[in-house]
Amino acid sequence: GQQLNQSPQSMFIQEGEDVSMNCTSSSIFNTWLWYKQDPGEGPVLLIALYKAGELTSNGRLTAQFGITRKDSFLNISASIPSDVGIYFCAGQLRGNAGNMLTFGGGTRLMVKP
Amino acid sequence: EAQVTQNPRYLITVTGKKLTVTCSQNMNHEYMSWYRQDPGLGLRQIYYSMNVEVTDKGDVPEGYKVSRKEKRNFPLILESPSPNQTSLYFCASSSTTGVNTEAFFGQGTRLTVV
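Line by line, the protein sequences are chains D and L.
Counted the way our numbering counts, the first sequence spans residues 1 to 113.
Counted the way our numbering counts, the second sequence spans residues 1 to 114.
Please keep in mind that the hints were generated in silico from the structure rather than gathered at the bench.
Ideal Cβ positions, reconstructed from N, Cα and C, are used throughout, including at glycine.
Facing chain D, a subset of chain L residues (Cβ under 10 Å, in silico):
#: 1; residue: 44
#: 2; residue: 48
#: 3; residue: 91
#: 4; residue: 92
#: 5; residue: 95
#: 6; residue: 102
#: 7; residue: 108
Go ahead and model the full structure; you've got the sequences and the hints to work with.
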């Protein structure tokens, strides 16, 4: 199946810096989801976006559902060491085959204290 | 607490020995699915289920079976495991009837087939 274009693939930043990552697709989605995955663990939902143009925050995290429904970004402000992990975007299309998810390739975030 | 529970977390087995990975969710979700995660290949869907007794193939179904006899359980069955099925497996569930349809994932099962 297709994979979303997620960038950057990895980031190595200093603690306190802001982080921005994004996902783009050639197809439209009903929903955009952002997950964080720690090594050997399952993806944990960070933010869910349901409407085109929607901007949603969860603490230091902010995400937006692109107006074209083909893209989304995630920002993390004032990064801390526990932000380390892999961040995945996922586009969801509700249809005859249920809640199909298409994933981005992930952004590996490393934070230097 | 709303959760998806997989068992076991870790499993080492030999080629050809049938195994089952269990998945259970307590959120009354209709939709459940299995993914495998491999380096460089991301998360790929193996099978999914729209509801009880309704299952269908995902992107990489070969070598796997599933069943959905009850709404809360969705076991993954490897009838004759092979080394290329060594991977990290995730079960996920989501609602198809509500406004919120986000998927919740289990903690994963790391399977090694030798």
